[in-house]
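Same order as they appear, the protein sequences are chains A and B.
Those letters in the first sequence? Residues 1 to 120, by this note's numbering.
Those letters in the second sequence? Residues 1 to 453, by this note's numbering.
No lab work stands behind these hints: they were computed from the structure.
Ideal Cβ placement from N, Cα and C applies to all residues, glycine included.
Don't take every hint at face value.
Stated by the list, open to error - Computed, partial: chain B to chain A, Cβ under 8 Å:
1. A119
2. D177
3. T451
Claimed, not checked - Straight-line C-alpha distance at most 25 Å; calculated SDA-like pairs for lysine to any residue:
4. B:K434 / A:L99
5. A:K87 / A:R51
6. B:K18 / A:N72
7. B:K434 / A:A104
8. B:K18 / A:F97
9. A:K58 / B:R22
10. A:K59 / B:K18
11. B:K27 / A:A104
12. A:K87 / A:E106
13. B:K38 / A:V91
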Amino acid sequence: MNSYIRALAVSLLMIPVLAIIGATQTNAVTLEVMNPSGEIPPPPFHAPSSRISNLDGKKVGIYWIGKAGGDNFWNGVEELLNERFPKVQTVRYEGPFDLGDARAAELAREVDTMFYGVGD
Amino acid sequence: MRIIGVPADLYYRERISKERSRPVAEKMFDTMLASLTKPITPEEARPKIRSTGTENLKFTADTIGAAIEDCHQMFLANQWSDGLPFIPPTPERVKWMLSGTNRAPGEELGPISPRNGMATIEKIAINAVMAGASPEYLPVIIAAVEGLADPDFDELHFATSTGSFNLVIAVSGPMADEIGMNSGLGLLSYGNRANSSIGRAVRLAMINFGHTWPAQNDMALVGRPGAHAFLTFAENQAQSPWPSYHEAQGFRPDDNTVTLTVTGGYSTGNTGANIYGGGAVALVPPESILKSIASDITNVRGGVAADDSTGNLLAGNEKAVRSNYRKYFIVFNPEVAQELQSRLGYTRESLQEYLFETASIPYELLSAGDIDNVKRAIDIGYIPTDRVARFRAGLQPGGTVPMLSRPGDVHIIVAGGIPGYTMMMSYFLDGIYKPVAHISKLISGAQLTKTGR
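Between the sequences and the hints, there should be enough to build the whole structure, so can you do that?
Structure representation (structure tokens):
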């Protein structure tokens, strides 16, 4: 009998709680929308070339797309290279944003490693 | 390739001289050295391939208003909206929008720069819903996005350049009236649903397909006039004295087209937008307007001023020549156009010829470098064959050298009301990163209008 009364009391206490949950479930609204972004296909992957272990005696290319101001930055980089690595030979290049496969192959033959700089 | 970014605030602030740039180089130097000499890691050799997700999203809240607000917040955080409220693109609204076209939702139009997200008919419809468009506008929006996605059209430069360049979206053909576009007074103003939402849908398409965002990859330093909807209007054919613009571009009279043309955002001289005429005060004589236009084209010196300062896809002679010449998109208001035709007898073609000839510089005023530039343009075949003799004749004492490469570098359309102003918008003749900066696309697949089908 006691257990019956306890069960009844618990049930009566739960009624308002269930009512609140029920009300929340009843009033909640769900808005489903479609994703507006265009899928970006995975780009073709090219593994980076292996690195040289040090710069001593190496030819380092510096390629810049020619926007005004960038030459000042690259002049600084070239000075630092020559100061810290006296045996490094720097080679400066300037040209279009997309140097193309043929020109890239030429540069690869002319230098051991290179910086390619792009910016506005 | 390993990529190192020099912080923009540091680089730009100090790039003015070698002395000021040196500390920036010092700050970056160790990182740059490491990128040359540090061995390639296994992660670099075999990176995880990522693809962007495009699944539907759900927002649950106590009220529909709260759910919409959550949607707005999330879209803005994801850089999927333009900062203004938008219509949530529910599947039901997108289906409704797609009722405006008979083209398949899955049809791919191509990637949009700079990040090359794929434009599909369904994705365009989603963005059109967000923009507040009506389904009968959808074929116009699709044609505009087709222009952006055309491999020849250079949307990359104007969308990303620091120069704050802008896009003109001009609709020509009977469909413009059918869908209620404004081609008259206040043609670039607010208050017209078609003009506003078509332009906004194209803007959202650039955000969501090109994945542009201000100060991240859209580097327009001061932004653009009409940043949310570009410069979107229709041709005022009813008051034009000339055949439609799309006919002049080789389309049939009953065709409908969207023309995209890049322009400078402001009146900066080399590229930009100018207005001419007296507006409501008085009709400035068209002769005077033509002289002002010719003078402005001449002053740019597009045919002779070698400009090697822009980094672009080209090299050597071709770069120098293509960086010089400009194109002009002139929007004559109807009153001036009617005067030009009825009193002065101009056709569109004779007007183009007039500007080609008038916007010229006497040979005696050219420097040796100027003359070399013109000869270079001829030598590399940039000047059309049928105009070479004209240019060679100009390179003689007593001659004049045109600042346009050909009369067709000036595009003429009639729009605006009476009274009105004439506008001229200019940009490089060619694209910087891709071949062209001006393109017209046929509107097709319309389901809800009599034309554009």
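(request) Identify whether the interface hint at T451 (chain B) stands, where standing means a beta carbon of chain A within less than 8 Å of its own. (result) Violated, about 28 Å.
(request) Could you grab the alpha-carbon distance between K18 (chain B) and F97 (chain A) and see if it respects the 25 Å cut-off? (result) Measuring from Cα to Cα gives roughly 22 Å; hence the hint holds.
(message) Would the hint linking K434 (chain B) and A104 (chain A) be met if the CA-CA limit is 25 Å?
(response) holds (20 Å)
(request) Starting from K38 (chain B), check that the Cα of V91 (chain A) is at most 25 Å away, please. (result) Holds. K38 (chain B) to V91 (chain A) sits at ~21 Å (cutoff 25 Å).
(message) Can you confirm whether the C-alpha distance between K27 (chain B) and A104 (chain A) stays at or below 25 Å?
(response) Not OK: K27 (chain B) and A104 (chain A) at ~28 Å, beyond 25 Å, violated.
(request) Go through the hint on A119 (chain B) and say holds or violated, using the shortest Cβ distance to chain A against 8 Å. (result) OK, holds: A119 (chain B) within 8 Å of chain A, min 6 Å.
(message) So if I understand the rule, the pair passes when the alpha-carbon distance is 25 Å or less; does K59 (chain A) with K18 (chain B) pass?
(response) Status holds; Cα separation ~23 Å.
(request) For the pair supplied as a hint, K58 (chain A) and R22 (chain B), confirm whether the alpha-carbon distance does not exceed 25 Å. (result) With Cα atoms ~23 Å apart, K58 (chain A) and R22 (chain B) stay inside 25 Å; holds.
(message) What's the verdict on K87 (chain A) and E106 (chain A), does the C-alpha distance respect the 25 Å limit or exceed it?
(response) Satisfied, since the Cα-Cα distance of roughly 23 Å is no more than 25 Å.
(request) Under 8 Å, Cβ to Cβ, is where D177 (chain B) needs to be relative to chain A, so tell me if that hint holds or is violated. (result) violated (30 Å)
(request) Take a quick look at whether K434 (chain B) and L99 (chain A) sit within 25 Å of each other, Cα to Cα. (result) holds (14 Å)
(message) Checking one constraint from the list: CA of K18 (chain B) to CA of N72 (chain A), max 25 Å. Satisfied?
(response) holds (4 Å)
Comparing the model with each earlier hint shows violations of hints 2, 3, 11; every other hint is respected.
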